[in-house]
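All chains, full assembly: derive it from the sequences and hints.
First to last, the protein sequences are chains L and V. Sequential numbering from 1 applies to the first sequence in our numbering. Sequential numbering from 1001 applies to the second sequence in our numbering.
Derived from the structure by calculation, the hints contain no laboratory data. Everything numeric in this text was worked out from a predicted model, so none of it was measured. Among these hints, one or two may not hold up.
To be verified - Stretch by stretch, here's where chain V covers chain L in the computed footprint (C-beta under 8 Å, at least three residues):
(1) 9-16
(2) 128-138
Said to hold, decoys possible - Calculated lysine-lysine pairs in the BS3-like style (CA-CA distance at most 25 Å, straight line):
(3) V:Lys1208 with L:Lys118
(4) L:Lys95 with L:Lys106
(5) L:Lys109 with L:Lys95
(6) L:Lys95 with V:Lys1208
(7) L:Lys158 with V:Lys1123
(8) L:Lys109 with V:Lys1123
(9) L:Lys20 with L:Lys64
(10) V:Lys1208 with L:Lys71
(11) L:Lys64 with L:Lys95
(12) V:Lys1128 with L:Lys158
(13) L:Lys125 with L:Lys106
(14) V:Lys1128 with L:Lys64
(15) L:Lys118 with L:Lys20
(16) V:Lys1123 with L:Lys64
(17) V:Lys1208 with L:Lys109
(18) V:Lys1049 with L:Lys95
(19) L:Lys106 with V:Lys1208
(20) V:Lys1128 with L:Lys106
(21) L:Lys125 with L:Lys95
(22) L:Lys71 with L:Lys12
(23) V:Lys1208 with L:Lys112
(24) L:Lys182 with V:Lys1128
(25) L:Lys112 with V:Lys1123
(26) L:Lys118 with L:Lys158
(27) V:Lys1123 with L:Lys95
(28) V:Lys1123 with L:Lys71
(29) L:Lys109 with L:Lys158
(30) V:Lys1123 with L:Lys12
Claimed, not checked - Here are the in silico distance ranges between beta carbons for each label pair:
(31) V:Thr1213 with L:Asn75: 48 to 58 Å
(32) L:Glu28 with V:Thr1213: 48 to 58 Å
(33) L:Gly188 with V:Val1133: 28 to 38 Å
Every residue, glycine too, gets a C-beta built ideally from N, C-alpha and C.
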Amino acid sequence: MTVIFVENLNKKFGPNHVLKGVDCHIREREVVCVIGPSGSGKSTFLRCMNGLESITSGSIVINKHRLDDSKTNINLVRQEAGMVFQHFNLFPHLKVIDNVMLAPLKVAKVNKDEARAKAEMLLAKVGLAEKMEAFPGSLSGGQMQRVAIARALAMDPKIMLFDEPTSALDPEIVGEVLTVMKDLANEGMTMVVVTHEMGFAREVADRVLFMDQGLIVEEGSPDEIFSSPRNARTQGFLSKVL
Amino acid sequence: MALYFGDLLPFSSLLLEGLWTALYITLVAMVAGSALGVFLYLGKVGPGKAVSIFCSCYIEAIRNTPLLVQLYLIYFALPALGINLEPIWAAVIGLTLNNAAYTAEIYRAGFESVPHGLREAGKALGMKNAQIVRYIVLLPATRNVFPALTNQLILLFLASSIGSIISLPELTNAIMSVSNTTYRTIEVLAVGGLLYLGVSALLSLASKRAETTLFRWAVGARV
Ligand SMILES: Nc1ncnc2c1ncn2[C@@H]1O[C@H](COP(=O)(O)OP(=O)(O)OP(=O)(O)O)[C@@H](O)[C@H]1O
Ligand SMILES: [Mg+2]
Chain L
1 MTVIFVENLN
11 KKFGPNHVLK
21 GVDCHIRERE
31 VVCVIGPSGS
41 GKSTFLRCMN
51 GLESITSGSI
61 VINKHRLDDS
71 KTNINLVRQE
81 AGMVFQHFNL
91 FPHLKVIDNV
101 MLAPLKVAKV
111 NKDEARAKAE
121 MLLAKVGLAE
131 KMEAFPGSLS
141 GGQMQRVAIA
151 RALAMDPKIM
161 LFDEPTSALD
171 PEIVGEVLTV
181 MKDLANEGMT
191 MVVVTHEMGF
201 AREVADRVLF
211 MDQGLIVEEG
221 SPDEIFSSPR
231 NARTQGFLSK
241 VL
Chain V
1001 MALYFGDLLP
1011 FSSLLLEGLW
1021 TALYITLVAM
1031 VAGSALGVFL
1041 YLGKVGPGKA
1051 VSIFCSCYIE
1061 AIRNTPLLVQ
1071 LYLIYFALPA
1081 LGINLEPIWA
1091 AVIGLTLNNA
1101 AYTAEIYRAG
1111 FESVPHGLRE
1121 AGKALGMKNA
1131 QIVRYIVLLP
1141 ATRNVFPALT
1151 NQLILLFLAS
1161 SIGSIISLPE
1171 LTNAIMSVSN
1181 TTYRTIEVLA
1191 VGGLLYLGVS
1201 ALLSLASKRA
1211 ETTLFRWAVG
1221 ARV
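Next up, the structure:
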């Protein structure tokens, strides 16, 4: 079943035409990695999918919610599509466990015991059970990102959007975050991952999209993209990063 | 040159009363001004266009004119309109109105320097704007505002000396009158200066202490 429909998506920032007609359908349980050069519009594409950026024209449907319809409750869409940011964006004044519990308590309005049990379970899952009472400022980057993943999962999203989740991390701790993401993929989460981690894309992705200058220039299985890219721009990009 | 601090002893209660008055008007102006500053800030960033322009003009006018002129206006110009104020009320009102403009700017800077990513994270979790402000932005903003606000308190305390020129018997005024009576100008200025310094240092120390206990979470955090 297709859960994300993006059709002829255009996005302009003033005169800057950033997305120039992106088409993309993503099925349930699919893991899609988005790669491409800096400034090609990968983040913008991802951020359009949960309404962090408004759409200039075209349409996006996420789990039957039309994002280009002003009657759509964007907060419902955001509960169903969790997002993980490059710079974690943890709430510095809240303990790790409270970071994870905040949205369930205030948005989903679950009761405190239930929210706490869930948060403890998720933190154990990302390997941070012993950091529950710590403040984010005392964690390493990899730990912060894992908290951020647990925080997004606490809303029981059907889709997870990742925007370069490991780009701000030291090379030696990238792995601990990728492991958590791999587990999530294996559990069947629908994931869209903007990443520079080609190894991860190759291993985990069902499909890889190559974006350049506001368009999806080429897409295919990791094998097709990494071993035999057809488009000259894909070839050029990969020869630089691989 | 010989210094005779002993000549000041009979006037110590006068100086201490002056200090008390200075503290009193400072505290009233701080509480009232920082509360008024909240409304000025909200008015400025709020949706009402006319209100926003009014608040901006007020803040700029206050911050770009001398406090002395503002106080003269209140004390000498208002009586021409039939409004007579006791010196102490003129000083309190002057300092409050002045302080409000500065604190409004402090709030603005404090809220603006909360990383934008925090709001985005709240949005991405499906939170409404009011919830984002209340549960996500407010505390980091408060922590950003706190040092500037305590600094403003000290500046206000020092600025309260301006009350002396409208014959309010605060500390500077007491210093001048002791000087006029005893001719021990240097001695009384030294003592008075030390009183200002001592109170300022205490306020500064207390605020540092309060900051570390109130915002323990901020250690190592990027806010
Ligand atoms: N909020 C914004 N306002 C104006 N222009 C923007 C904004 N966000 C992005 N852009 C512009 O849109 C273009 C695409 O940016 P985007 O962040 O989507 O690229 P990206 O592919 O994610 O790049 P990177 O790999 O560096 O993260 C860039 O030219 C950028 O300057
Ligand atoms: Mg990006």
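These are the hints, each one checked on the structure:
Coverage of a stretch by a chain is defined here by at least three residues with a beta carbon nearer than 8 Å to that chain's beta carbons; for the region 9-16 of chain L and chain V the count is 0, and the condition is violated. Check result for the region 128-138 of chain L against chain V: holds, 4 residues qualifying (beta carbon to beta carbon below 8 Å, three or more required). Note on Lys1208 (chain V) and Lys118 (chain L): the hinted pairing is violated, with a Cα-Cα distance of about 38 Å set against a maximum of 25 Å. Among the hinted pairs, Lys95 (chain L) with Lys106 (chain L) is consistent with the structure: their alpha-carbon atoms are about 16 Å apart, no more than 25 Å.
Pair hint Lys109 (chain L) plus Lys95 (chain L) holds up; C-alpha atoms about 19 Å apart against a cutoff of 25 Å. For a cut-off of 25 Å, the pair hint linking Lys95 (chain L) to Lys1208 (chain V) stands: about 23 Å separates their Cα positions. As the CA atoms of Lys158 (chain L) and Lys1123 (chain V) are separated by approximately 17 Å, the hinted pair is consistent with the 25 Å bound. With a C-alpha separation of about 16 Å, the suggested pair Lys109 (chain L) and Lys1123 (chain V) falls inside the 25 Å cut-off, and the hint holds.
Distance check on the hinted pair: Lys20 (chain L) and Lys64 (chain L) sit about 23 Å apart at the alpha-carbon level, within 25 Å; holds. For a cut-off of 25 Å, the pair hint linking Lys1208 (chain V) to Lys71 (chain L) is broken: about 49 Å separates their Cα positions. Between the alpha carbons of Lys64 (chain L) and Lys95 (chain L) the distance comes to roughly 35 Å, so the proposed pair goes past 25 Å and is violated. Our distance criterion of 25 Å between C-alpha atoms is met by Lys1128 (chain V) and Lys158 (chain L), whose separation comes to about 20 Å.
At most 25 Å may separate the alpha-carbon atoms for a hinted pair to count; Lys125 (chain L) and Lys106 (chain L) meet this at roughly 23 Å. The straight-line distance between the Cα atoms of Lys1128 (chain V) and Lys64 (chain L) is roughly 21 Å, inside the 25 Å bound, and the hint therefore holds. Between Lys118 (chain L) and Lys20 (chain L) the CA atoms are separated by roughly 41 Å; this puts the pair beyond 25 Å, and the hint is violated. A threshold of 25 Å between alpha carbons decides the hint, and for Lys1123 (chain V) with Lys64 (chain L) the separation of about 20 Å falls inside it, so the pair holds.
A threshold of 25 Å between alpha carbons decides the hint, and for Lys1208 (chain V) with Lys109 (chain L) the separation of about 38 Å lies outside it, so the pair is violated. With a C-alpha separation of about 39 Å, the suggested pairing of Lys1049 (chain V) with Lys95 (chain L) is violated against the 25 Å cut-off. Distance hint between Lys106 (chain L) and Lys1208 (chain V) is unfulfilled; the C-alpha atoms sit about 33 Å from each other, more than 25 Å. At roughly 9 Å between alpha-carbon atoms, Lys1128 (chain V) and Lys106 (chain L) fall within 25 Å of each other, so this suggested pair holds.
Taken as a hint, the Lys125 (chain L) and Lys95 (chain L) pair is honoured in the structure, with Cα atoms around 17 Å apart against an allowance of 25 Å. Distance check on the hinted pair: Lys71 (chain L) and Lys12 (chain L) sit about 22 Å apart at the alpha-carbon level, within 25 Å; holds. Proximity of Lys1208 (chain V) to Lys112 (chain L) is assessed by CA-CA distance (about 35 Å); at most 25 Å being required, the pair is judged violated. For the hint linking Lys182 (chain L) to Lys1128 (chain V), the alpha-carbon distance of about 31 Å lies beyond 25 Å, and the restraint is violated.
With a C-alpha separation of about 21 Å, the suggested pair Lys112 (chain L) and Lys1123 (chain V) falls inside the 25 Å cut-off, and the hint holds. As the CA atoms of Lys118 (chain L) and Lys158 (chain L) are separated by approximately 16 Å, the hinted pair is consistent with the 25 Å bound. The suggested pairing of Lys1123 (chain V) with Lys95 (chain L) holds, with an alpha-carbon distance near 19 Å, which does not exceed 25 Å. Taking the CA atoms of Lys1123 (chain V) and Lys71 (chain L), the gap is about 17 Å. The hint holds against a cut of 25 Å.
Of the supplied pair hints, the one linking Lys109 (chain L) and Lys158 (chain L) holds, its CA atoms being roughly 18 Å apart against a limit of 25 Å. Distance hint between Lys1123 (chain V) and Lys12 (chain L) is fulfilled; the C-alpha atoms sit about 21 Å from each other, no more than 25 Å. Remark: the range hint 48 to 58 Å for Thr1213 (chain V) to Asn75 (chain L) is contradicted by a beta-carbon distance near 36 Å. Glu28 (chain L) and Thr1213 (chain V) have their C-beta atoms about 50 Å apart, which keeps the hinted 48 to 58 Å range intact.
Separated by about 36 Å at the C-beta atoms, Gly188 (chain L) and Val1133 (chain V) satisfy the suggested range of 28 to 38 Å.
When each numbered hint is compared with the structure, violations occur for hints 1, 3, 10, 11, 15, 17, 18, 19, 23, 24 and 31.
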